[in-house]
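Q: Here are the chains, one letter per residue:
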Amino acid sequence: MARRAVQFRAGDLAERFDLALRGDPGRVVEGVGTLAGAGPASLSFLANPRYRGQLATTAAGLVVMRERDAEGYAGDVLLAADPYLAFARIAALFDQTPAHEPGIHPTAVVDPDAVVDPAAWIGPLACIGAGSTVAAGAWIGPGCVVGEDCEIGAGSRLVARVTLVRRVRLGRRVLVHPGAVLGADGFGLAFDRAAAEPHWIKVPQLGGVQVGDDCEIGANTTIDRGAIEDTVLGPDVRLDNQIQIAHNVRVGAHTAMAGCVAVAGSTTIGRYCMIGGAAGIAGHLEICDRVVVTAMSLVTHSIREPGEYSSGTPLMDSRSWRRNAVRFKQLDALARRVGTSPKDTG
Amino acid sequence: MARRAVQFRAGDLAERFDLALRGDPGRVVEGVGTLAGAGPASLSFLANPRYRGQLATTAAGLVVMRERDAEGYAGDVLLAADPYLAFARIAALFDQTPAHEPGIHPTAVVDPDAVVDPAAWIGPLACIGAGSTVAAGAWIGPGCVVGEDCEIGAGSRLVARVTLVRRVRLGRRVLVHPGAVLGADGFGLAFDRAAAEPHWIKVPQLGGVQVGDDCEIGANTTIDRGAIEDTVLGPDVRLDNQIQIAHNVRVGAHTAMAGCVAVAGSTTIGRYCMIGGAAGIAGHLEICDRVVVTAMSLVTHSIREPGEYSSGTPLMDSRSWRRNAVRFKQLDALARRVGTSPKDTG
Amino acid sequence: MARRAVQFRAGDLAERFDLALRGDPGRVVEGVGTLAGAGPASLSFLANPRYRGQLATTAAGLVVMRERDAEGYAGDVLLAADPYLAFARIAALFDQTPAHEPGIHPTAVVDPDAVVDPAAWIGPLACIGAGSTVAAGAWIGPGCVVGEDCEIGAGSRLVARVTLVRRVRLGRRVLVHPGAVLGADGFGLAFDRAAAEPHWIKVPQLGGVQVGDDCEIGANTTIDRGAIEDTVLGPDVRLDNQIQIAHNVRVGAHTAMAGCVAVAGSTTIGRYCMIGGAAGIAGHLEICDRVVVTAMSLVTHSIREPGEYSSGTPLMDSRSWRRNAVRFKQLDALARRVGTSPKDTG
Chain H
169 MARRAVQFRA GDLAERFDLA LRGDPGRVVE GVGTLAGAGP ASLSFLANPR
219 YRGQLATTAA GLVVMRERDA EGYAGDVLLA ADPYLAFARI AALFDQTPAH
269 EPGIHPTAVV DPDAVVDPAA WIGPLACIGA GSTVAAGAWI GPGCVVGEDC
319 EIGAGSRLVA RVTLVRRVRL GRRVLVHPGA VLGADGFGLA FDRAAAEPHW
369 IKVPQLGGVQ VGDDCEIGAN TTIDRGAIED TVLGPDVRLD NQIQIAHNVR
419 VGAHTAMAGC VAVAGSTTIG RYCMIGGAAG IAGHLEICDR VVVTAMSLVT
469 HSIREPGEYS SGTPLMDSRS WRRNAVRFKQ LDALARRVGT SPKDTG
Chain S
169 MARRAVQFRA GDLAERFDLA LRGDPGRVVE GVGTLAGAGP ASLSFLANPR
219 YRGQLATTAA GLVVMRERDA EGYAGDVLLA ADPYLAFARI AALFDQTPAH
269 EPGIHPTAVV DPDAVVDPAA WIGPLACIGA GSTVAAGAWI GPGCVVGEDC
319 EIGAGSRLVA RVTLVRRVRL GRRVLVHPGA VLGADGFGLA FDRAAAEPHW
369 IKVPQLGGVQ VGDDCEIGAN TTIDRGAIED TVLGPDVRLD NQIQIAHNVR
419 VGAHTAMAGC VAVAGSTTIG RYCMIGGAAG IAGHLEICDR VVVTAMSLVT
469 HSIREPGEYS SGTPLMDSRS WRRNAVRFKQ LDALARRVGT SPKDTG
Chain Z
169 MARRAVQFRA GDLAERFDLA LRGDPGRVVE GVGTLAGAGP ASLSFLANPR
219 YRGQLATTAA GLVVMRERDA EGYAGDVLLA ADPYLAFARI AALFDQTPAH
269 EPGIHPTAVV DPDAVVDPAA WIGPLACIGA GSTVAAGAWI GPGCVVGEDC
319 EIGAGSRLVA RVTLVRRVRL GRRVLVHPGA VLGADGFGLA FDRAAAEPHW
369 IKVPQLGGVQ VGDDCEIGAN TTIDRGAIED TVLGPDVRLD NQIQIAHNVR
419 VGAHTAMAGC VAVAGSTTIG RYCMIGGAAG IAGHLEICDR VVVTAMSLVT
469 HSIREPGEYS SGTPLMDSRS WRRNAVRFKQ LDALARRVGT SPKDTG
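Chains as they are written, first to last, in my numbering: chain H, 169 to 514; chain S, 169 to 514; chain Z, 169 to 514.
FYI, nobody ran anything at the bench for these hints, they're computed from the structure. Some hints could be false.
Copies of the same chain look alike in the list, so a pair counts if it fits in one copy or across any two.
[Claimed, not checked] Quick list of in silico lysine to aspartate or glutamate cross-link-like pairs, EDC-like style, CA-CA up to 20 Å:
| hint | residue 1 | residue 2 |
| --- | --- | --- |
| 1 | K511 | D500 |
| 2 | K511 | D360 |
| 3 | K370 | E397 |
| 4 | K370 | D398 |
| 5 | K511 | E269 |
| 6 | K511 | D457 |
| 7 | K370 | D360 |
| 8 | K370 | D237 |
| 9 | K511 | D485 |
| 10 | K370 | D263 |
| 11 | K511 | D398 |
| 12 | K511 | D192 |
| 13 | K370 | D381 |
| 14 | K511 | D285 |
| 15 | K370 | D192 |
| 16 | K511 | D244 |
Generate the whole structure from the sequences, applying the supplied hints.
A: Right under this line is the structure:
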């Protein structure tokens, strides 16, 4: 494990990221900071207008911002049409995630029928099962369990304590955070109602999970293997923590989901969708491209038009809420009294 | 670890599962597939009427279906009153979960005061604590941690990276998926309001968890130990992923919960209930047998009548939603204006 | 590992916890029980009035209760103004969590650049990364992964299979339950809309996580590292299982959250708040001290007044629910028909 000391000159950053510099090209930055917290050796950024007032007092040595925000600011500036995007790219220079020499840690357990590229790293106390392959530049962190018949693409990284159960295929540069479980059995049950004591029979889950290039999968997120065919994430799908993706779900490229979303089985979600935190999506639906679902909404029918969708009620003080909520039970009666038919649309 | 190559003749399947065969008893199947994806060497099934149209084009070699659906279908058919159930049973033949020779992997850490049956398998990097017992045919997968005073019944299987903290007793044939945590402390707090700075005092959690025969517990699901007595799951309880079962909860036999359900402390749930995804059930309630709760509903009172229950509002485009949702705050005023009393029922 | 046999005389308990004893000081108790389940050698308690009726039949040897509840009860009693709090303190005597001799288990993997106090315990198959420190009396249970640059304060305990990814600093006496992940990357994405195929760019997550003294963090709970500065939990914050705390969140001292709560990024929550199960709190908000949010409510705006807040609709049988829920879509039209303006407040 090696760490880099990092230091960059403003002029070099401008050139490297194709940004205009307004100020001293010799300005040196050694890290990043918020406008409120950064010091003279730090790079900061202004993207959200609500923080514009902090420009007056920031001690940041170098700030990435839009040209119009830079008017009247006396410090050194990198001008960017999209400052958050430019900051994301520059900040990667300061990401000191430790690098590891390739190889297999002596405490790791690698099945003789697994194939690990010599340019991959298998960390301490990790476990690789039979029939699995780990490509060059992949990183299997401490305590990960990779089961049978999995493929880890080049440059993919299981941070630590990730589980790939069986038949999970990750593309290239996939990043999986700790506690994530991919390829566990989907929740498939048949009910034996004819038995003396009726009971559930498990439906074998025989499919796998496919994860496209450049996906990111959050901590403690679960993606079940398909019942027969695979559960599929397209490229560049971004999943936050504690998301549940049930069996046979298909998620289109570039779709992002915030924490705690639950997607039920066999639903197909399009490309460039954005699903808000703790939203739920029922099973066997089709959601088209470019759909936005707001936080904690429940999607119970297919969506065929791009746009933003919501359910739920607004937050109130509980006393007011109780007074109003009890009336929800009378809503139909109320509407009838006012003479509205259930078919009328607002 | 050994894998079986599997191949079955239609006539043998008909006999073994007591189904009528319509077609060629010599038809050979080597795997399963969906109607749309199966080839001539695959078994498929038709249960959901919405897929009936796929019969016209399926290449499946053998299809399990109801007699009435088979009319006019020219291929080989296994007739079943409940095709999904029959398929579940047959498909188990194709489940190539690797088998392990019994024994304890050299990298596992087994406390000298634990008792492991010679016919059990303890996988790599697993850990078994003092006072725990593992019965014949049980499987403790890679990276599992079994703490103190646990019992793993015959044929039960912790897939990988499961944690049983303390005093967890699993019956026979229990299946626990990766990341599940059973027997962590319940969330018990007493508030010391008399202190100079009022603060929380932890209430010791001294009970355990009992899990009945044939239960299945999903990935990253958590079941806390009881405060004094045990948290209890009856036989054949089926829990999907990311479910939270708080301390002292009791769940009756054959109840199934979809992903992300949360059940608060000391609630009792009956037999044959079905709880939809991400539903919440408040604490100290009693839910009778055969209750269905729809997805994302919140149960805040005991339920004494079998049936289906819901809360929430329908999904709308966000513009319409905002226009209507703001009116929820006026609902009581509205009802008063129309002359409805809060006691009126629809 | 050693276990204690525990036995206490009522008179000694009264003295030790400064409670009045009504009854036999020689009464011996060896464990705890519920009023319904306790035997003559067990200590029980009565705090919730709904269990008062069980006093008539309890076999408990010794009961902690309020003076007014003790009237007419013939058994041995410890009188307490707050019986639940008194019980919490006494019951800790019966908590037989096994103790470990300090030291590093031979199967643990400790980086040469980590510093472990000789009075700490590192359990089997745990992993401690470079630059991390473990203080005296700390306990790193089986299968835990502590990454780089973490600090574990004196007396803190990672029960088992906990992951601290990077730059996580735990205060003293912090208790973290299995499956919890602290310090994973926050969900920071910038959208490159100018690319030929527009796509997400990861915003490096460079901050850490700070956890104050006496916090408790539930099983499978996730707390992300800050993007630039730290995600912060004040002292005595109590988090139940499966909670998601996003990057840059700040939670004030003594705040408690029930299971499955989700808090989005950069939100600040005050002191002494209580957040109900599965509630959601949107990002970039400020919640003042002493706010209570009821279960499954969604907080979408900042809260500046202490008090209780709710959203959602009541549970109904699904038939009634459907009849009323469909009318929610007409709510604005309904209100207009009745002549209410959207600005009117109830």
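Q: Now, for every hint given, state plainly whether the structure supports it.
A: Against the structure, the hints come out as follows:
no.: 1; hint: K511 <-> D500; result: both (12 Å within a copy, 14 Å between copies)
no.: 2; hint: K511 <-> D360; result: neither (40 Å within a copy, 43 Å between copies)
no.: 3; hint: K370 <-> E397; result: within (17 Å within a copy, 30 Å between copies)
no.: 4; hint: K370 <-> D398; result: within (18 Å within a copy, 27 Å between copies)
no.: 5; hint: K511 <-> E269; result: neither (67 Å within a copy, 64 Å between copies)
no.: 6; hint: K511 <-> D457; result: neither (29 Å within a copy, 35 Å between copies)
no.: 7; hint: K370 <-> D360; result: within (10 Å within a copy, 44 Å between copies)
no.: 8; hint: K370 <-> D237; result: neither (60 Å within a copy, 24 Å between copies)
no.: 9; hint: K511 <-> D485; result: between (32 Å within a copy, 17 Å between copies)
no.: 10; hint: K370 <-> D263; result: between (45 Å within a copy, 11 Å between copies)
no.: 11; hint: K511 <-> D398; result: neither (40 Å within a copy, 51 Å between copies)
no.: 12; hint: K511 <-> D192; result: neither (67 Å within a copy, 53 Å between copies)
no.: 13; hint: K370 <-> D381; result: between (32 Å within a copy, 14 Å between copies)
no.: 14; hint: K511 <-> D285; result: neither (63 Å within a copy, 66 Å between copies)
no.: 15; hint: K370 <-> D192; result: neither (68 Å within a copy, 28 Å between copies)
no.: 16; hint: K511 <-> D244; result: neither (61 Å within a copy, 47 Å between copies)
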